[in-house]
Amino acid sequence: MNPANGRLIQDFYTAFQQLDAEAMANCYASDVRFSDPVFPDLRGEDAVDMWRMLTQRATDFSLSFDNIQADEQRGSAQWVATYVFSPTGNTVVNRINAHFKFADGKIVEHRDQFDLWRWAAQALGLKGRLLGWTPLVHKAIRGQAAKGLAQFQAART
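Under full-length UniProt numbering, the first residue of the sequence shown carries the number 1, and numbering increases by one thereafter.
These are calculated hints, taken from the structure and not from any lab test. Incorrect hints may have been included.
Said to hold, decoys possible - Listed next, with one range per pair, are the computed distances between beta-carbon atoms:
id, residue 1, residue 2, range
1, Leu130, Asn26, 38 to 48 Å
2, Gly125, Gly6, 35 to 45 Å
3, Ala150, Gln10, 15 to 25 Å
4, Thr14, Thr88, 24 to 34 Å
5, Gly44, Gly89, 29 to 39 Å
6, Gly125, Asp104, 37 to 47 Å
7, Ala150, Thr91, 35 to 45 Å
8, Gly6, Arg129, 32 to 42 Å
9, Ala150, Asn2, 30 to 40 Å
In this text, a Cβ means the ideal position worked out from N, Cα and C, and glycines have one as well.
Turn these sequences into a full structure, and let the hints guide you.
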C-alpha cells in the first residue's frame, strides 16, 4: 500500500461526503480523465464541473466508502451514494467500484463502475426496471446527463 495515494483517495471521498467539490478537485490533476456508465469520457475541468454539479444538486445525500487500496500507480475503493433523484423523487442507493491512476501526487484517471440498469430501476421507477437494460435507455440517460452538465457549465460562465 502506498500511504500517500491511499490518503488521496480517502481525502477525495471525505470531501465528497461533505459535498465539497473544490476539495475533490484538489485531488485531481488538471488533465484528469473520468468515466462512468453515465459520463463515459470527461476530461479536466469537465470532470470537476460534473462533481460541482452533483454536489450542488445533491438532495438527502449520504456517502460511505471503504476497501481503499493503493500502490505507486493505481488504486481502488468501493463507495455507496444514497440520494434522492430529483426528476422523479425516487431514492437511489448506488454501489460503485472506483479505480484510479496516480501521477505526481494527484489522481490522473478515475473510473467508476456500477450497474446502470440497477441505477435506472431505482431512479426511473417502473420504466427503468422494464427498459433500463436497453441501449436506447442507456443512451437517453447519457444524453440527459450531458445536457444537464452543459447547462450547468453555461450557467457558471
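Hints and how they fare:
1. Our hint of 38 to 48 Å for Leu130 and Asn26 holds, since their Cβ atoms are close to 42 Å apart.
2. Here the CB-CB span from Gly125 to Gly6 is close to 38 Å, well matched to the stated 35 to 45 Å.
3. Hint check: Ala150 to Gln10, Cβ distance near 32 Å, so the stated range 15 to 25 Å is violated.
4. At about 29 Å, the CB distance of Thr14 to Thr88 agrees with the hint of 24 to 34 Å.
5. Look at Gly44 against Gly89: about 33 Å separates their beta carbons, and that is inside 29 to 39 Å.
6. Evaluation of the 37 to 47 Å hint for Gly125 and Asp104 yields a pass: the beta carbon distance comes to about 44 Å.
7. Separation of Ala150 from Thr91 is about 27 Å and departs from the stated range, judged on CB atoms against 35 to 45 Å.
8. At about 37 Å, the CB distance of Gly6 to Arg129 agrees with the hint of 32 to 42 Å.
9. For Ala150 and Asn2, the hinted distance range of 30 to 40 Å is satisfied, since their beta carbons lie about 36 Å from each other.
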